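Q: Protein chains in written order, with this note's numbering: chain A, 8 to 290; chain B, 8 to 290.
Where hints are given, some of them may not hold.
All copies of an identical chain are treated as equivalent in the list; a pair is satisfied when it fits inside any one copy or across any two copies.
Claimed, not checked - In silico SDA-like links for lysine to any residue, alpha-carbon gap of 25 angstroms or less:
(1) Lys233 / Pro223
(2) Lys85 / His181
(3) Lys233 / Pro198
(4) Lys228 / Ile239
(5) Lys85 / Pro238
(6) Lys33 / Ala201
(7) Lys85 / Arg187
(8) Lys85 / Gln183
Simulated from the structure, these hints should not be mistaken for lab results.
As the structure is a computational prediction, the values presented were derived from the model and not from experiment.
Number of protein chains: 2
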Amino acid sequence: MNPSPVRLRVAFQGEPGAFSEEAAVKLLGAQIETVPRLTFEAMFAAIADGAADLILAPVENSLAGSVYRCYDLLLESKLSIIAEVILPIAHNLIGPPGATIDQVRFVQSHPVALAQCTRFFEAHPQITRVAAEDTGGSVREVVRAGDHQRAAIASRRAAEIYAGCILQSHLEDHRQNYTRFVLLSPEPGVPAGANKISLVVFLWHQPGALHQALEPIAREKINLVKIESRPIVGHPFEYCFYLDLMAPPQAPGAQAALEELRRRAREVRILGCYVAAPPPTSS
Amino acid sequence: MNPSPVRLRVAFQGEPGAFSEEAAVKLLGAQIETVPRLTFEAMFAAIADGAADLILAPVENSLAGSVYRCYDLLLESKLSIIAEVILPIAHNLIGPPGATIDQVRFVQSHPVALAQCTRFFEAHPQITRVAAEDTGGSVREVVRAGDHQRAAIASRRAAEIYAGCILQSHLEDHRQNYTRFVLLSPEPGVPAGANKISLVVFLWHQPGALHQALEPIAREKINLVKIESRPIVGHPFEYCFYLDLMAPPQAPGAQAALEELRRRAREVRILGCYVAAPPPTSS
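Let the hints inform the model, and build the full structure from the sequences given.
A: Structure follows, in structure tokens:
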């Protein structure tokens, strides 16, 4: 007997308790089934493998930049963006039940997480940093060990999953640390209330090509909220451009701008139409 | 007695043997003194601290994307870009002298490096991955331990520095993995032969602003080889744009375009003029 036959299965990159999993739950609710995958490649294969219905892929971090690899895999796939979510990256010190922060001598996590908490380590010189492959997996290990000298740095969700205790929250140096994720579906439908369009434009290789391509967007007074050029692999000096436009996809202005853009570009690919996430607030 | 009073001191982020150090030597030659710094913040402080003359900062990786944190620190600083270098990221399996690859059972490195060598680990299921804080530091440790069962993944330079042996080269999954670095100086001079201009443009917040800003660049037939929008911290929905233009900075067309751009923008800041690096070739 299957107790919940309609649970939506969402693949993410990382181990249980990863920030990506926290983002999936923030966007879709705690009733979803999250499907962990070790690599971006395995995550993008999860729908074809029959293991997942949707994929939640990180595309941009406010400190580290765009996640090019996910953009490349999205372009190679036939998936569409149907939603986005922005997650503040808040690091927590998590120990086994019963531990207190003054007992801790060793803190393990992914080196990127350790590097984002330098002020915490400066303030606690008695603590040794220990590198690990994963934030969530580190919590699993320190809780299982039950040693009050050992703690991990990870998401709040990792503490919940592995029954760890948050000894201190907001260890991160920068509160302006957030990651934008997109939800990918094999069905290209446009959700109700969609007000944002993501697309990629391939232009002819000549000076002024981008300026000409942006003209119809400017003429229709459409707000361009992201633009990023990417070299095209195997074609030195050729570029494509990722654009995010704020516009309801069915509005006549957006339709006209996209139609004109198609005439001016070598190729235009709509990556998806969706409801824009509210701008991040420091939590 | 100081044996080499005129050695140029170049700060980089990482431990000795990091890819950033390899890039500094590739750009400036083996006679420089490289100054390791643990964080980007400490690296950017190294000139003011009197520890370095120049800084080599990574700004973009072909798989991972732009390094926003370095762009932010560059904007906060008064430094100028005076050169760039593109380094193919080639991962090597490095063991202690005398070791052979079939003895290896544990391979340690930074998790990002481990994640870029998934095919190697799939082909060698007898090898366990071990996370560490640093690529170069991993080589130091395995060479010091002298255990033939242990090896590290790092740059060729790390093998040279720590007298390790390269047991296998090109472990990386993707040959198209390269990082672009910029050399930063407190002196804003324009090097002879400069043909590239990096700048950041702050625009008034209105639809079409970017299109209008690009018009003088298109009119002068200047090739735009990179464009990237960034949200302005603390100003939701406001953006600045990073542009790389291919143009000799003294050419009349470039001067005219920049002058007109200044009239159309809220602010234009030239980050530097320098000689463009040749496009990467897979090594």
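Q: With reference to the structure, classify each hint as holding or not holding.
A: We went through each hint and held it up to the structure:
For a Cα distance limit of 25 angstroms, the shortest separation of lysine 233 from proline 223 qualifies both inside one copy, at 16 angstroms, and across copies, at 21 angstroms. Taking identical chains as interchangeable, the C-alpha atoms of lysine 85 and histidine 181 lie at most 25 angstroms apart only when they sit on different chains, with a minimum of 22 angstroms there against 36 angstroms within one chain. For a Cα distance limit of 25 angstroms, the shortest separation of lysine 233 from proline 198 inside one copy, 21 angstroms, qualifies, whereas the shortest one across copies, 32 angstroms, does not. Taking identical chains as interchangeable, the C-alpha atoms of lysine 228 and isoleucine 239 lie at most 25 angstroms apart only when they sit on different chains, with a minimum of 21 angstroms there against 29 angstroms within one chain.
In this assembly of identical chains, lysine 85 and proline 238 lie within 25 angstroms of each other by CA distance solely inside one copy; the values are 21 angstroms within and 29 angstroms between copies. Taking the shortest alpha-carbon separations for lysine 33 and alanine 201, only the intra-copy value of 19 angstroms comes in at or below 25 angstroms, while the best inter-copy value is 49 angstroms. Taking the closest pair of Cα atoms, lysine 85 and arginine 187 come within 25 angstroms of each other only inside a single copy of the chain (21 angstroms); across copies the shortest separation is 30 angstroms, beyond that limit. Proximity of lysine 85 and glutamine 183 under a CA criterion of 25 angstroms is satisfied inter-copy only: 23 angstroms between copies versus 33 angstroms inside one chain copy.
Comparing the model with each numbered hint stated earlier shows that all of them hold.
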